[in-house]
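Colleague: Letter by letter, the chains look like this.
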Amino acid sequence: MSEQNQALEQLDDHELVEHSRTDSSVFGVLYERHVSRIYNYVFHRVGNVHDAEDLTSRVFYSAYSHLASYREQGVPFTAWLYRIAHNLLANWHRDRSRRPVISLDDIILSSPAHEHPEPMAEQHESARQLNAAIRNLDAERRELVFLKATGEFSNAEIGKILGKSEGAIKSLYHRTLLALRKELENKGFER
Amino acid sequence: MSRGTAINLRRNWRTLLDKALYGNQDISDDELEALESAIAAALQPVEPQATFREGLRQNLEVARLRKDRGVCIDPVCEARSGVRLGVAFGLLGLLVGTLIYLCLRSPRTKPAESSNKNSV
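Chains A and B, in that order, are what the protein sequence lines are. Note that the numbering used here numbers the first sequence so that position 147 is 147, with each residue one more than the last. Take any residue in the second sequence, count from 1 to its spot, add 191: that is its number in the numbering used here.
It should be emphasised that the hints constitute simulated quantities derived from the structure, not laboratory data. Each residue gets a CB set at the ideal place from its N, CA and C atoms; glycine is no exception. Treat the hints with care, since some could be wrong.
[As the list claims (entries may be wrong)] To give a feel for the contact side, a few chain B residues facing chain A, derived at Cβ under 8 Å:
(1) L223
(2) L226
(3) A229
(4) E238
(5) K258
[Stated by the list, open to error] Per the computed footprint, the stretches of chain A lying under chain B, defined by three or more beta-carbons under 8 Å from a beta-carbon of chain B, are:
(6) 4 to 17
(7) 130 to 137
Model the full assembly from the supplied sequences, consistent with the hints where possible.
Modeller: Structure representation (structure tokens):
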């Protein structure tokens with residue numbers, strides 16, 4: 001890695017965005033820093049590698065195209081990226097709802113074994129049940145659960161990503177946890 | 192009905208529905224913590240494949256070089272430039288048409304104007 005890249009690695013996201021306004025190659029550092037978490041987020045929403053890769057690509061193309069319009073407004077740069085991903089995912093779900101739908105369970109079960117075999121193999125029964133319960137939630141709640149689980153964002157920041165108020169996020173999360181607990185109880189899990 | 196009232200009604204309805212579905216129970220801090228850690232464990236991080244990651248990095252680099260040379264990389268941007276080009280050609284056509292019309296029309300009006308001047 002060059003000395004310039006090492007120096008850039010030390011900068012925070014906002015400083016990198018400022019640099020990228022004059023030197024567009026700096027966007028590569030932002031990409032390397034965030035590609036895994038965006039892919040992870042998208043993968044858990046769509047459930048298959050093909051769409052996850054396609055949507056992740058679109059997130060970064062869109063981010064790169066609109067970087068000039070990005071303004072720091074008290075939310076992390078990652079929240080802006082997640083917001084782009086959220087909008088693309090919403091469009092993806094809408095388009096998909098117009099076509100015949102295959103359940104997410106089927107997609108995951110039918111995924112080739114070479115696609116992320118480690119996490120699949122290591123999942124215990126309870127984790128698989130919980131995963132199934134999360135997949136049964138509606139798209140918005142599933143997204144909320146995932147964003148909370150990353151531990152990266154406050155309720156206010158998640159509100160900015162999902163286009164809701166902080167209070168609405170708090171209340172929705174509480175109800176979602178209740179729903180998940182109920183679902184797990186129905187499947188025979190003890191509290 | 193105002194938008195605020197509609198939102199409140201929908202929220203109340205959803206809360207009532209949730210209470211009916213999941214019971215009017217609260218969740219203790221311990222339970223909350225246990226459930227959240229179980230969720231975090233269940234949603235195991237998934238890494239993108241190295242080939243995809245590297246491929247996208249290279250494609251973004253190409254996009255950057257194209258953008259630096261003034262080439263659009265965004266489909267929306269390409270569509271916009273198409274519209275702009277269409278409007279420009281339309282205006283040019285209109286201008287040329289107007290000029291041709293004026294050129295063809297002017298010989299007929301000249302005698303009338305001159306006859307008016309003579310009468311004054």
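Colleague: Residue count check for the segment 4 to 17 of chain A against chain B: does it reach three with CB-CB under 8 Å?
Modeller: Violated, because only 0 residues of the segment 4 to 17 of chain A bring their Cβ atoms closer than 8 Å to Cβ atoms of chain B.
Colleague: Has the segment 130 to 137 of chain A got at least three residues whose CB is nearer than 8 Å to a CB belonging to chain B?
Modeller: holds (count 3)
Colleague: So, B:K258 near chain A? Judge it on the closest CB pair being under 8 Å.
Modeller: Since the shortest Cβ distance to chain A is 7 Å, the answer is holds.
Colleague: Holds or violated: is the Cβ of B:E238 closer than 8 Å to a Cβ in chain A?
Modeller: holds (6 Å)
Colleague: Please check whether B:L226 passes as an interface residue: C-beta within 8 Å of a C-beta belonging to chain A.
Modeller: holds (6 Å)
Colleague: Going by Cβ atoms only, is B:A229 closer than 8 Å to chain A?
Modeller: Hint holds; B:A229 Cβ to chain A Cβ min 6 Å, cut 8 Å.
Colleague: Does the interface hint hold: is B:L223 within less than 8 Å of chain A, judged Cβ to Cβ?
Modeller: Holds. Min distance 7 Å.
Figure legend: structure checked against the earlier numbered hints; the only hint not met is number 6.
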